[in-house]
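Undergrad: Residue strings, one per chain:
There are 2 protein chains.
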Amino acid sequence: MQKIIDVTELALRDAHQSLMATRMAMEDMVPACADIDQAGFWSVECWGGATFDSCIRFLNEDPWERLRQFRKLLPHSRLQMLLRGQNLLGYRHYEDTVVDRFVDKAAENGMDVFRVFDALNDMRNLRRSIAAVRRTGKHAQGTICYTVSPLHGTADFVEMAQKLLDIGCDSICIKDMAALLKPQPAYDIVKGIKEACGEATRVHVHVHATTGVTLVSLMKAIEAGADCVDTAISSLSLGPGHNPTESLVEMLEGTPFTTRLNKQKLIKIKKYFAGIRPRYKEFLSNITGVETEIFDSQIPGGMLSNMESQLKQQGAADRVEEVLLEVPRVRADAGFPPLVTPSSQIVGTQAVFNVMMGRYKVLTGEFADLMLGYYGETIGPRDPHVIDLSFKQTGKSPINGRPADLLKPEWHELRDGAVALEGCNGSDEDVLTFAMFPKVAPQFFKARANGPKNLGKDPNAAPAPVVAPPKPAAEHGNGNGNGNGAPHGPALYDVKVNGKTHKVLINQVQ
Amino acid sequence: MQKIIDVTELALRDAHQSLMATRMAMEDMVPACADIDQAGFWSVECWGGATFDSCIRFLNEDPWERLRQFRKLLPHSRLQMLLRGQNLLGYRHYEDTVVDRFVDKAAENGMDVFRVFDALNDMRNLRRSIAAVRRTGKHAQGTICYTVSPLHGTADFVEMAQKLLDIGCDSICIKDMAALLKPQPAYDIVKGIKEACGEATRVHVHVHATTGVTLVSLMKAIEAGADCVDTAISSLSLGPGHNPTESLVEMLEGTPFTTRLNKQKLIKIKKYFAGIRPRYKEFLSNITGVETEIFDSQIPGGMLSNMESQLKQQGAADRVEEVLLEVPRVRADAGFPPLVTPSSQIVGTQAVFNVMMGRYKVLTGEFADLMLGYYGETIGPRDPHVIDLSFKQTGKSPINGRPADLLKPEWHELRDGAVALEGCNGSDEDVLTFAMFPKVAPQFFKARANGPKNLGKDPNAAPAPVVAPPKPAAEHGNGNGNGNGAPHGPALYDVKVNGKTHKVLINQVQ
Chain A
0 MQKIIDVTEL
10 ALRDAHQSLM
20 ATRMAMEDMV
30 PACADIDQAG
40 FWSVECWGGA
50 TFDSCIRFLN
60 EDPWERLRQF
70 RKLLPHSRLQ
80 MLLRGQNLLG
90 YRHYEDTVVD
100 RFVDKAAENG
110 MDVFRVFDAL
120 NDMRNLRRSI
130 AAVRRTGKHA
140 QGTICYTVSP
150 LHGTADFVEM
160 AQKLLDIGCD
170 SICIKDMAAL
180 LKPQPAYDIV
190 KGIKEACGEA
200 TRVHVHVHAT
210 TGVTLVSLMK
220 AIEAGADCVD
230 TAISSLSLGP
240 GHNPTESLVE
250 MLEGTPFTTR
260 LNKQKLIKIK
270 KYFAGIRPRY
280 KEFLSNITGV
290 ETEIFDSQIP
300 GGMLSNMESQ
310 LKQQGAADRV
320 EEVLLEVPRV
330 RADAGFPPLV
340 TPSSQIVGTQ
350 AVFNVMMGRY
360 KVLTGEFADL
370 MLGYYGETIG
380 PRDPHVIDLS
390 FKQTGKSPIN
400 GRPADLLKPE
410 WHELRDGAVA
420 LEGCNGSDED
430 VLTFAMFPKV
440 APQFFKARAN
450 GPKNLGKDPN
460 AAPAPVVAPP
470 KPAAEHGNGN
480 GNGNGAPHGP
490 ALYDVKVNGK
500 THKVLINQVQ
Chain C
0 MQKIIDVTEL
10 ALRDAHQSLM
20 ATRMAMEDMV
30 PACADIDQAG
40 FWSVECWGGA
50 TFDSCIRFLN
60 EDPWERLRQF
70 RKLLPHSRLQ
80 MLLRGQNLLG
90 YRHYEDTVVD
100 RFVDKAAENG
110 MDVFRVFDAL
120 NDMRNLRRSI
130 AAVRRTGKHA
140 QGTICYTVSP
150 LHGTADFVEM
160 AQKLLDIGCD
170 SICIKDMAAL
180 LKPQPAYDIV
190 KGIKEACGEA
200 TRVHVHVHAT
210 TGVTLVSLMK
220 AIEAGADCVD
230 TAISSLSLGP
240 GHNPTESLVE
250 MLEGTPFTTR
260 LNKQKLIKIK
270 KYFAGIRPRY
280 KEFLSNITGV
290 ETEIFDSQIP
300 GGMLSNMESQ
310 LKQQGAADRV
320 EEVLLEVPRV
330 RADAGFPPLV
340 TPSSQIVGTQ
350 AVFNVMMGRY
360 KVLTGEFADL
370 MLGYYGETIG
380 PRDPHVIDLS
390 FKQTGKSPIN
400 GRPADLLKPE
410 WHELRDGAVA
420 LEGCNGSDED
430 VLTFAMFPKV
440 APQFFKARAN
450 GPKNLGKDPN
460 AAPAPVVAPP
470 KPAAEHGNGN
480 GNGNGAPHGP
490 ALYDVKVNGK
500 THKVLINQVQ
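Chains as they are written, first to last, in numbering that gives the first Met the number 0: chain A, 0 to 509; chain C, 0 to 509.
Hints should not be assumed to be uniformly reliable.
Identical chains blur together in the list; that is why a pair holds if it fits in one copy or across any two.
[Stated by the list, open to error] Capping the alpha-carbon separation at 27 Å, the derived lysine-lysine pairs in BS3-like fashion look like this: (1) K270 <-> K162; (2) K267 <-> K452; (3) K71 <-> K104; (4) K445 <-> K264.
No lab work stands behind these hints, which were simulated from the structure alone.
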């Protein structure tokens, strides 16, 4: 009797977020939905994370409409989303009733499973959203952001799992956004949770593939009792993305474990997305192999490329090694936060500033807020000297309480702001869109009626050639270098195609 | 106390053979050798397989000189090669004294570890070369070609391991050229060998990465007691190649196992080859992700692309699905040989013939030989009807004995043939080169003095554009479609660059 291992398919959310900057248009996902719906997944992650932002910023798609479409296209599947706790899908803390309304509306529009995390693993930033999910009757999954530091041991993660269950989570997710979770810790943490919280505690494991070791970690997590693992169909897998769904299925053959997945459906889904992926070539991550240096720097792939481009903008691309050494120091000063949105960007940018301008000579507003407690509590103490600098620079006092407690009720103000915008339909959904992206929403509401914009391109279409003015070997009308009168003989041109100059010999035959 | 897991690095042989058609020039490997030599590998695979062929066919490199260079550049390392048993590095059986001389010369020029395999796992094709290695005092590694069929069970592989030890092998290699070895069978076979042959039996495991599951298989093989595993530095890994060396190192952290590898050296080797790989872009395999369909078709990636190009040449690219279904049938009729050079090509080509011309209407000479026993014995019985057809078509009788027993002493004849060639230096090494590649050696001997040819190219250089005769919109000398007289006004050309046709508007500005 084999144990069934459940699987969450990531193709429709984290896979394209990780591999192609969240650019996949709904139109390109629709044809795969029937097969995904029938393949036997425990859930289909299809919303949240950066998809909301990308929909309105780049794709002119209403994210709420995308959710409703998924609900119709995946009638037999649990829809799953990633929610940043008190930050919802935005980049600041929201007042509690906004959190409640967001969860209500997501549930109402079709969401089934809410995976809720906080970048600092601060329980106080998770409580309200978990409670809101519970009230809707949907599945509340509490998330542990996995990271590596001198302060993060197996016991700490197990303790956090217990706290998540205490506040009513239906299941626990171990989320390894940087592919740092090695096989032995994967085993130990899952085993630890099962022993401390009971075998019936549902444990999900989410790992990225960047370091090349995490399919092994999934194997060990499964051996330790994990109930559900996250994978992405192979044609949308690997690199900074996830392990391939089909490889998971095959890996378990002959073991005491098996999935319910239908291999024929998986092949169809694979082939479909293999055709779609090249359309998004310009957005594809430049990480294609594995990157094990992450284990030492603990810098996730996306964060690294961010820092590199910041350095390049400042003409300091050669200082990347210094920044790599600075990041762990800044992270230690900040109390060892996990590095995940938004803490990864905050720590990374401050490390760049430290290298460019001297250590803590200039603090970013976000880093000062992190030091002063405005993002929540960190596992380790934060450096008192840097806290003091943060206070001096911003004039803000350090806080110890829950950041959202400082917020006043804001729904009515948000509603007033939203409905005043051209194109706003007055729904709570639109108010939430405005609440999370106040700078992008106005333009989106205005342009919404134009319909979705698909940024994918036919990879076989010849790129529109940029032709530089040709420099013929002789003046027009006269002979060319061969002494023949143009255009009778061959003529040599410099032709610039996609920025490269080619010597092109043109032989006009007729 | 952790058990040390030894590692064989594949970068210098199988990695570039699998990823870039064995095209890497010695010149591009030399700068990495010092770091490879000091990184702590148990052995460095750097010779044999297809490298000998590639050296003389494409790179104008003397393979024996390459071996001597490696010997000098890797003074602290065991050099390892892959040897096709009685076929040596060629494509036919050689008479025993030729086998002896090849092994002697390889040992004399610096080889330490001989991994010897036979495509059919026929022990009789391995005995002579293993004995020859033993006489030189070098390490003789007997190889089990792993495959999947109704007749191949764990017990069969264990039995073969015992036979290999009986003929004097110093260690056993489980060789999984098609990435079919799943974690559970990996565990079972290694455990079975250790139990049947004793814990002290050295077991090496060689897997490819194509299906995405085999790093997990290495983990399970290690848990079962494997002593040494094969990997390739990450920048020359994955796809149809192998698992990344650095990922193996990291995977073991915290487990009862560890490697001796120096991570700083690995990073240097990785970075070096990350710079080299793009130079061989035109040879890179088009398999970049994972391919789990191999588990059903059992067709290795290289074989699939071969068959596809054969079908395309015959204008039948649309019949690939039929061929995929035909391969397992042909393989069954042939007694379930593993699919590895040369059996993979023989079975694949016959499957193409069957689909194109009717089942067994035409047999290739090689397939007839396989059916008649001229490659050796297969695990299962071969179809009597097809054996009969093979006899009728070729006039050759079926044999049961060891194929090489039919061969007469041939060394003197080979020597006479070689020394008669322009540029042959008269050495035994040159005779062996001629023996293995009688069609390619003459040209190589003649051109050898010109020195090695590096096929790598600067990836940033603009490709030489191939310009097709342009088709102007009107006859030459007259106006174009815009009614302007050429070449005064803009002219629209079809310009073919690298096979793609671009509409190019040329505006001759002066």
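Undergrad: Against this structure, judge whether each hint is valid.
TA: Cross-check of the supplied hints:
With identical chains, the CA atoms of K270 and K162 are never at most 27 Å apart, being 42 Å at best within one copy and 43 Å at best between copies. Taking the shortest alpha-carbon separations for K267 and K452, only the intra-copy value of 26 Å comes in at or below 27 Å, while the best inter-copy value is 44 Å. Only within a single protomer do K71 and K104 lie at most 27 Å apart by alpha-carbon distance; the minimum there is 16 Å, versus 70 Å between protomers. Proximity of K445 to K264 under the C-alpha cut-off of 27 Å is found in neither arrangement, the shortest distances being 40 Å within a copy and 56 Å between copies.
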